[in-house]
Amino acid sequence: MADTLTKLTYQTFQQSKNYFGLAHKILSTRVMSLVSPSDRKSKPLPLDLLQKINQRYERLLEVDWQDAEAGVYPHNILFDNPWDEFFLYYPAVWFDLPQIWERAKQKNYQDFDSNLDIAGYPSYYLQNFHHQTGGYLSDLSANLYDLQVEILFGGSADAMRRRILASLKQGLSAFDDVPASQIKILDIACGTGRTLKMIRAALPKAALFGTDLSPAYLRKANQMLSQIPGELPQLLQANAEELPYMDNYFHATTSVFLFHELPAVARQRVIEEAFRVTKPGGRFIICDSIQMSDSPEMEPAMTGFYETFHEPYYRHYMTDDLVERLEKAGFENVTAEVQYMSKVLVACKPV
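For the sequence shown, this note's numbering puts the final residue at 348, and the numbers step up evenly by one.
Note that these hints are calculated values from the structure, not bench results. A quick note: this is a predicted structure, and the numbers were derived from the prediction, not measured. Note that the Cβ used here is the ideal one computed from N, Cα and C, for glycine as well. Careful: at least some of the hints might be erroneous.
As the list claims (entries may be wrong) - Here are the simulated lysine to any residue pairs, SDA-like style, with alpha carbons at most 25 Å apart:
#	residue 1	residue 2
1	Lys40	Val341
2	Lys49	Pro297
3	Lys325	Glu238
4	Lys49	Thr332
Unchecked claim - Cβ-Cβ distance ranges computed for the label pairs, FRET-style:
#	residue 1	residue 2	range
5	Tyr118	Phe306	17 to 25 Å
6	Phe76	Glu329	34 to 42 Å
7	Gln220	Ala20	23 to 31 Å
8	Gly68	Arg27	41 to 49 Å
9	Asn245	Glu321	18 to 26 Å
10	Phe10	Glu321	38 to 46 Å
11	Arg216	Asn73	25 to 33 Å
12	Trp91	Ser178	24 to 32 Å
Make the full structure from the sequences, and use the hints.
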């Protein structure tokens, strides 16, 4: 009875986030049409496609619940929501929208305040991804990012991130002879640290590491991760194309929502770096967007994504062969599994 009540509470919690995200999108679209009307009209998704998306969403929630039931991670992680930040930053999301609308309307994709230091970053990174103010380089962007992504995915972003945890724990069984406190895991492009927080919940004793190009996002990650029990993850500002670690250093590496925001050449370099720093027998686990190869019926949704949001490399990503890239780098036994609007790839480094 207790499990049934907890599951019902979880489903209600997730559905409320889904409805909130939908309400926000409808209201913001209507406000935009009044405040900053555009000649470009987005095409509504067909009803049958919306039904398929909803079916995928329901399956995601079921898998998320089953992993918690199986002990992959504690049940309380299902209800993890930064309410204090929601009430603090949700008004800022609205205040920032006029700038986002104007930036999108003017197709101004490299709009950075003069107080932001943009020297030394790869040119492909200096973009206003999602039209967001400051790109990935401002504290405002870092403070709003998790909330914006949750709204975009109807409250399912964390559930999709958690799809890496079962494969991660399963892969670490190859190192059963290593004490839990000596297991080292790297999250590449860790952003605000949401994925690292989930890994900490699933693997409380492991030594965690994270890299990101953005000092603002690393500040945000450090702020959040310092508030949870356990050893503080070691965070470094670094380009994922040149990771500052020795060969064969990590028992596992992960990357969540990175590859669709990389040009093709950078994608391959990051994969090769992940291969280099992962120990033989270790796993590299990717969670990113669905692609045409696994979800051709979702093509209208994918096309609408890169047309609505500034995602300059997503169109190529849609048809890129990540399995081939992983195998080219040296990984083997690559598997891929679709989870709602994301897919999880698990690649093993040969012993």
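Structure-based check of each hint:
1. Pair hint Lys40 plus Val341 does not hold up; C-alpha atoms about 28 Å apart against a cutoff of 25 Å.
2. Distance check on the hinted pair: Lys49 and Pro297 sit about 12 Å apart at the alpha-carbon level, within 25 Å; holds.
3. Taking the CA atoms of Lys325 and Glu238, the gap is near 16 Å; set against the 25 Å cutoff, the hint holds.
4. For a cut-off of 25 Å, the pair hint linking Lys49 to Thr332 stands: about 23 Å separates their Cα positions.
5. The hinted window of 17 to 25 Å between Tyr118 and Phe306 holds, with their beta carbons roughly 20 Å apart.
6. For the pair Phe76 and Glu329, the supplied restraint of 34 to 42 Å holds, since their beta-carbon distance comes to about 38 Å.
7. Separated by about 29 Å at the C-beta atoms, Gln220 and Ala20 satisfy the suggested range of 23 to 31 Å.
8. The given range of 41 to 49 Å is respected by Gly68 and Arg27, whose C-beta atoms sit roughly 45 Å from each other.
9. For the pair Asn245 and Glu321, the beta carbons lie near 24 Å from each other, so the given range of 18 to 26 Å is met.
10. The given range of 38 to 46 Å is respected by Phe10 and Glu321, whose C-beta atoms sit roughly 39 Å from each other.
11. A C-beta distance of roughly 26 Å is found between Arg216 and Asn73, which places it inside the suggested range of 25 to 33 Å.
12. Judged by the Cβ atoms, the range 24 to 32 Å given for Trp91 and Ser178 is violated: they are separated by roughly 44 Å.
Hint violations for this structure: numbers 1 and 12, all remaining hints satisfied.
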